[in-house]
Amino acid sequence: MASEKVLTLTDGDFDSTLQGASTPVLVDFWAEWCGPCKRLGPTIDAVAAELDGKLTVAKLNVDENPNVVGRFGIRGIPTLILFKGGKAVDQVVGLVSKDALKDMVAGHI
Amino acid sequence: MDTLRDVIIIGSGPAGLTAGVYTARANLKPLLIEGVMAGGQLMLTTEVENFPGFRNGIMGPELMAEMRAQAERFGAQIVQGDVTSVDLGSRPFTVTADDTGYRARTLIISTGASARLLGLPAETSLMGHGVSTCATCDGYFFRGRPIAVVGGGDSALEEAIFLTKFASQVTLVHRRQALRASKIMQDKAHANPKIAFAWNSVVQDITDTSKGEVTGMVLRDLLTNELRTIPVDGVFVAIGHTPNTSLFVGQIDLDENGYIKTHDGTRTSVAGVFACGDVQDHKYRQAITAAGTGCMAAIDAERFLES
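Line by line, the protein sequences give chains A and B.
Just so you know, we're using our numbering here: the first sequence kicks off at 1 and counts up by one.
Just so you know, we're using our numbering here: the second sequence kicks off at 1 and counts up by one.
If we strip away everything but chain B, and leave its shape as in the complex, we get (with noise of 0.2 Å):
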């Protein structure tokens, strides 16, 4: 078993960082175990233009490294693990990741979220295959074809906006008559020629599971209950994000949603367990709300243990 620490930190987005980026000036050497998505969703995205300081926007991945760069300049202990379990029943609290052990008097929870799935079998099955949850990483593969984004929010739109620069055409799927996303955002979808838009639907299948590889969608008219097939050669879908909890099942109080309970800034249930960033926020979701949850879990965390 390895030492007793002040503070362990699960997760390496923007939150987890920021918080290591405040516990290490405040001399508690965190530990931040970044877990098999270091850097968390904005690794997945292009240009960032509302996180402040960079006027000229900056790329996602770019800013990633620069916080956790800003983290280890300060003395945080970055290890690549991915947490596997956690025993949150007594202080000191253990964490497991890759088989070792690590005691912490407190914990800051920073997990974040991953984007949800349609649930079809076949898009399991297609996955890699034509169907992705990340656009920048596989939109490469699209040049010149007709593909499908689903969903109807910001992030939505973006992987919609940035495919139109490889896909022929993109169909953008929503299961509502309007779009949720900001206005921005639906201005510059609206205006980009390569972008058409199937209201009031959602996707019923993935065609085609036997020659393993997308050649279209079944989509259900929710109005009429129609069917229709479009041809298509991915399916990209950004219907949202599902907290990354399951770690802590029955030791924490989450809500309905599987979402971390927070109250009084960033306590939970469990005394000396702080939880920041997307795994405790289903409503604001951005790069600089998770910063700014990361400092206030580091302040609670510091004050917890001069407490």
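Okay, chain A solo, but in the shape it has when bound (with noise of 0.2 Å):
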């Protein structure tokens, strides 16, 4: 269950969202087949109530979302792509750590 900080992004408010954003956004690229995802997804609830404020987190169903999948060519899940004023400026593919994760968002936000 993801936590009431995580917004939940589509292909129809991805652009909306980002622009709207007074923060730098972290998107959670995922699906519901994918094991490592979920392992990460408690990690991500974490994230987001700790920076909650400085930091907008969002999550992305790829079933769901082809077009920003293809977007940003992502051929791997969990990715988590940075946002700031729209632009990508980070990404981690694959598990990470809560503390590699905060030190991947502190230098922008």
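Be aware that a few hints might be false.
Cross-link-like lysine-lysine pairs, in silico, DSS-like; alpha carbons within 27 Å at most [unchecked claim]:
(1) 38(A) to 87(A)
(2) 5(A) to 98(A)
(3) 87(A) to 211(B)
(4) 29(B) to 98(A)
(5) 38(A) to 183(B)
(6) 211(B) to 84(A)
Under 8 Å between C-beta atoms, here's a sample of chain B residues computed to sit facing chain A [unchecked claim]:
(7) 57
(8) 82
(9) 98
(10) 128
(11) 129
(12) 138
(13) 234
Bear in mind the hints are in silico, worked out from the structure with no lab data behind them.
These numbers come from a predicted model, not from an experiment.
In this text, a Cβ means the ideal position worked out from N, Cα and C, and glycines have one as well.
With the hints as a guide, bring the two chains together.
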């Protein structure tokens, strides 16, 4: 169960959400059938809670949103991309610890 | 600093969770630190057909969820952190995970092994954009596309066979003329019309880093040294594993390949530290052998605490 701090993005609202965000946005590309993605869920929730107000955290289901997935050339999940001012500024592929994720984000918030 | 415990287990694959079940049932109230790859390598597999007790097979992640629940049922305390350092210099041992320090009289190391990579710069920069070490995670992105699997062991063939569900063709790249994999896996692979073989070949390069996606791979024929380019959209690397022992370098005896050396069961070079599963086994590397050594480590730790 995703935390209420974590937004759910779709092909339809991806651009408007990124443009409208007042903070950098961390997007978690995931799918229901991806074991590691599920393992990453609690880490994403924790980062969203700890950096509330400084970072917007969102998930995008790759099964349901092929357009965004295609635009960013996602060929593996979990992939996390950090957007700032609507532009991708950093990314990490595969499982990552909470500390490592916070370190990655720290330089951009 | 946390309270002093009898046992801390690092890692949550079959070895660690079995050690968790046994030490919990022995009333040692184990703390099990899962690590970022919680559940271990079985989380990246699909059907496990050779774990005794499941005659119809069981999904890897489901098996791990069962083992985890079983350890918790008997009172194992499971925490999510990733261990960043250990101090094995004096007892009690100290383990630090996500800025929290834990202390214990005994330590069971079951940190497992991770997929080995080819070591090409292009491999790193294209990871997640066509290069993968996890067929079950990423196969989905290659529906109707040609891909390659690098390797010749059971895991490589399992990945190749799984990936034929999605890919138009799977080229298996192997450095020898014959596979190392078990006969049953070889038969399955040879019978699969979507699998082609590139024998005596190694991957020299993966293209195209300038586009940020995989467009092909350059293979070198080891017999003729000739280079050839094969267009593929994905490269799945399955060339074995390296043990996750960087935390222990200089503190515990490792063999020349980095595996923890064990003697007299699961004892290591440090009294009170025990190792089980793939972190100390490059030979068998099965879920059931990992679970077996996890049980051994739990019993060894229990006896050590009694003595």
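Cross-check of the supplied hints:
The suggested pairing of residue 38(A) with residue 87(A) holds, with an alpha-carbon distance near 26 Å, which does not exceed 27 Å. In summary, the hint linking residue 5(A) to residue 98(A) is supported, as the alpha carbons are separated by about 16 Å, within the 27 Å threshold. For a cut-off of 27 Å, the pair hint linking residue 87(A) to residue 211(B) stands: about 18 Å separates their Cα positions. Taking the CA atoms of residue 29(B) and residue 98(A), the gap is about 26 Å. The hint holds against a cut of 27 Å.
With a C-alpha separation of about 34 Å, the suggested pairing of residue 38(A) with residue 183(B) is violated against the 27 Å cut-off. Between residue 211(B) and residue 84(A) the alpha-carbon distance is near 22 Å, which keeps this suggested pair within the 27 Å criterion. This hint is violated: residue 57(B) has a C-beta 16 Å from the nearest C-beta of chain A, more than the 8 Å allowed. The criterion of a C-beta within 8 Å of any C-beta in chain A is met by residue 82(B), whose closest approach is roughly 4 Å, and the hint holds.
Taking 8 Å as the C-beta contact cut-off toward chain A, the hint placing residue 98(B) at the interface holds, the least distance being around 6 Å. Interface restraint check for residue 128(B): the shortest CB-CB distance to chain A comes to about 3 Å, inside 8 Å, so the restraint holds. Below 8 Å, beta-carbon pairs count as interface contacts, and residue 129(B) has one with chain A at about 5 Å; its hint therefore holds. Taking 8 Å as the C-beta cut-off, the interface hint given for residue 138(B) holds, the closest approach to chain A being about 4 Å.
This hint holds: residue 234(B) has a C-beta 7 Å from the nearest C-beta of chain A, less than the 8 Å allowed.
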